[in-house]
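K.L.:
Sequence:
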Amino acid sequence: MESTDQGMVPTPARIIGYTLLPLGAGSALLLGWLWFSLFSPWGYTPPPDLSPIEEQVEHRVFAHGTLRYPVVRRLVIGRQVPAQPAILPGHRRERLNVIPEPGACTPGKVFVVEAAELGRLDRFERLGVRYQRIKLLLEDGEPAWVYQRRSESGPEQNGPRGFSPGGERQG
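Under our numbering, the first residue of the sequence shown is numbered -4, with each subsequent residue one higher.
Hints are computed from structural coordinates only; laboratory data are not their basis. Certain hints may be false.
[As the list claims (entries may be wrong)] Distance windows between CB atoms, simulated:
#1 E134 to R90: 15 to 23 Å
#2 R121 to V4: 49 to 57 Å
#3 V66 to L45: 22 to 30 Å
Glycine included, each C-beta is placed from N, C-alpha and C at the ideal position.
Between the sequences and the hints, there should be enough to build the whole structure, so can you do that?
P.N.:
Have a look at this one:
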């Protein structure tokens, strides 16, 4: 008597299952990594030397990268934050950074957040690790926080530090 093994023949359902399983697992891993990197309390530890955020004031933030997009701001901040076009004078944009350059202008968006929301932005930008947050004057004459890439040799390599939280010029 001949026996045939029908279990070895791939059926369309098995082919679809074998295709969807790795895609689902990959998607779950990607979403888990994004959550861990951007939102979890374990994905980022601010350096101990960072100054505390002023609680009782609203903070203007100038965005020159991904935070210009409403969907990114919504995901990071946790609410829809309206933004207006703005110009950062004396700086040029280079990839994910703004670099001091006399006569240059960097277009972007400016928006207002509360202290806790500024903390979420700091986490997203990995303040003290990838970026420093400095206060600079925008074209409208008002100061705003700007995230600037930290260099390997220290923040001084990026040019003037801008303004301290008290508004004094640092150099």
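K.L.:
Hint by hint, note whether the structure agrees.
P.N.:
Results of checking the hints against the structure:
1. E134 to R90: 15 to 23 Å: Given about 22 Å between the Cβ atoms, the range holds.
2. R121 to V4: 49 to 57 Å: holds, 52 Å
3. V66 to L45: 22 to 30 Å: holds, 28 Å
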